[in-house]
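Chemist: Chains A and B, in that order, are what the protein sequence lines are. To convert, note that position 117 of the first sequence is 117 in the working numbering; the numbers rise steadily by one, no gaps. To convert, note that position 138 of the second sequence is 138 in the working numbering; the numbers rise steadily by one, no gaps.
Since the hints were derived computationally from the structure, they do not count as laboratory data. Computed from a predicted model, the values in this text were never measured in an experiment. For every residue, glycine included, the Cβ atom is placed at its ideal position computed from N, Cα and C. Wrong hints could be hidden among the right ones.
Part of the chain B face toward chain A, derived, beta carbon under 8 Å [unchecked claim]:
1. 39
2. 43
3. 45
4. 52
5. 284
Now the stretches of chain B that chain A is said to cover, found in silico as 3 or more residues with beta-carbon under 8 Å [stated by the list, open to error]:
6. 133-146
7. 231-245
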Amino acid sequence: MSSVLTIVIVEADPDRAKLIVDALREAGDYDIHIIGERAALQRQIQLHSPDVVLVDEADPSRDTLEELALASGPLDRPVALFVDRTDQALSTAAIEAGLSAYVVDGLTRARVKPVLDAAIARFQMVKRMRTELAETKKALEERKVIDRAKGLVMRARGIDEEEAYALLRRTAMEQNRRIADVAQALVTSARLLG
Amino acid sequence: MRTTPISLGYVPLVDAAPLIVAEEMGFAAAEGLSLDLVQAPSWSRLRDALSVGQVDAAHMLAPVPVATALGLGGGATGFDVVSVLSVNGTMVGLSAPLAEKMRAAGHDFDLMAAERAGRLLISGAPKPLRFGVPFPFSMHAELVFHWLSALGLPSPQSLVVRTVPPPLMADAIQTGEIDAFCVGEPWASQVAAKDGGVLLLAGKAIWSWAPEKVLATRACWADGEPELSARLIRAVWRASRWLEAADARSLAAELLARREYLDVGAELIERAFTGQFDLGGGLGMREVQPFLSFHEGAAHFPWRSQAAWIGSQLAARTGLDRASAMRSAERTFRSDIHRAALAQTSAILPPASSRVEGAFAGDSQVTGVHGVLRSPGNTFFDGARFDPASF
């Protein structure tokens, strides 16, 4: 086995792949390959003969990698799922971060741990960014709906924007609902009524 | 009434129906439960989520808990199977060129003709024949291995079974990565609808009573939470009974089609429920009745002999000791927990928890707990019989 670990990252999004590569480069000297195309995944992976394969848990092609853990042909190197009972804390951290790591049998924990620590930290960051992005998107959509509802109220009652918003807010408070939900109901009803 | 939340993982497939119906039609609420249904993108993800306790219970391929008990595949803590969620429901299909070859040779694409289809496939297939299945440990893989090896196709020399995630199956067949596939619904119909492939054989033509998906928990969870797990088993059992009524199934198809569940057209889902299939490739319609079972013949009962069969097949392929693999396998199918949970209901349960698999041709009747149990046939296409007691 060569002294430098070979790591394959299965990731379709080039930006995300780069984030992971950067984190690994900071953690040590590795031979890193990115696979973005899922066709013939196993063949592509076997071409690199990696020590470690990293893949996003959300990726459906993860099940294909599961088969690598079984490959037992004369030319195949056995790959074991790292996430196992030998290191419950690290496994749980990886799963919670949304990372699956497949590691060749026989590698010592000391050699693999820095790779996984760096990958887990980066996956956690990406997950946080995703959540924040989703929240921002939702807030933006809600803002649009509230604006539309305000417009409807203004036109129907001949009041100004501030009064319309106050009315929506009061209604929401009385009904113990969110303003965005009241606004959505109003927009839907208005659409139904034409 | 306050409800106890249970998180339940599932993969978006037609056979997740008992879990979705249990929540949506109020069977869970009637047991004081609210099911938090968590969708998983892959079987390995779901297995890991259950293993580390991110979900309390999960929809699982029947061979996965057995494989885990045998130490095969990704490491995980052990699982208990507390119910079978569905029996049958898989479909074998071919690439368009291979289907054309079979049509030219005079094949009628009768979805129940396992022997004829198999012999013709073997005679005209490329060597090796490459089969796509959803997971290395799946009834899909077991059925393909049993079918083609019984007809004399040796594996791995002439048969390569590969894992292809079902959403990527249509692509894999169109680009020639695989020659054939075995998947559940709605994915088989999806491939046929995309003109990528043609349906050849219903999985039940290979084994007429193949346990497909199970309800799994972490080992010891059900023993530690006997009351909670019993409520879950009963809620899912009532959902499966509800699903058995013909008129319930179009409503169920509508439910499953929703964006938060399968997010595909209800008419695609109904094919599995009604057993009416478009073969694809302009070959017309075929019927399989019933295509998948949730309740009839106590389909929900986790037979220890089903686990033993799976264990025996896995052991034979991976070189493990067969008898001890079967004993480990049997312990994962908890017919004891299932019985205890349904003891106070009207459920008709079999008198024994193990039987000779493949030994019941046609309808059979047996006096069970709470009444007479009518079972549809349980046969292998090649007449094989599997008696766990003989090992």
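Chemist: Are the hints correct? Go through all of them and say.
Modeler: Hint-by-hint comparison with the structure:
Because the smallest distance between the Cβ of residue 39/B and any Cβ of chain A comes to about 11 Å, over 8 Å, the interface hint for this residue is violated. Look at residue 43/B: its Cβ gets to within about 6 Å of chain A, closer than 8 Å, so that hint holds up. A distance limit of 8 Å between C-beta atoms decides the matter here; for residue 45/B the minimum to chain A is near 5 Å, and the interface restraint holds. For residue 52/B, the shortest C-beta to C-beta distance to chain A is roughly 5 Å, which falls under 8 Å, so the interface hint holds.
Checking residue 284/B against chain A by beta carbon gives a least distance of about 31 Å; that is not within 8 Å, so the hint is violated. A stretch counts as covered by a chain when three or more of its residues have a beta carbon under 8 Å from one of that chain; for the region 133-146 of chain B and chain A the count is 3, and the coverage holds. Here the region 231-245 of chain B counts 0 residues with a CB under 8 Å from a CB of chain A, which misses the bar of 3, and the coverage is violated.
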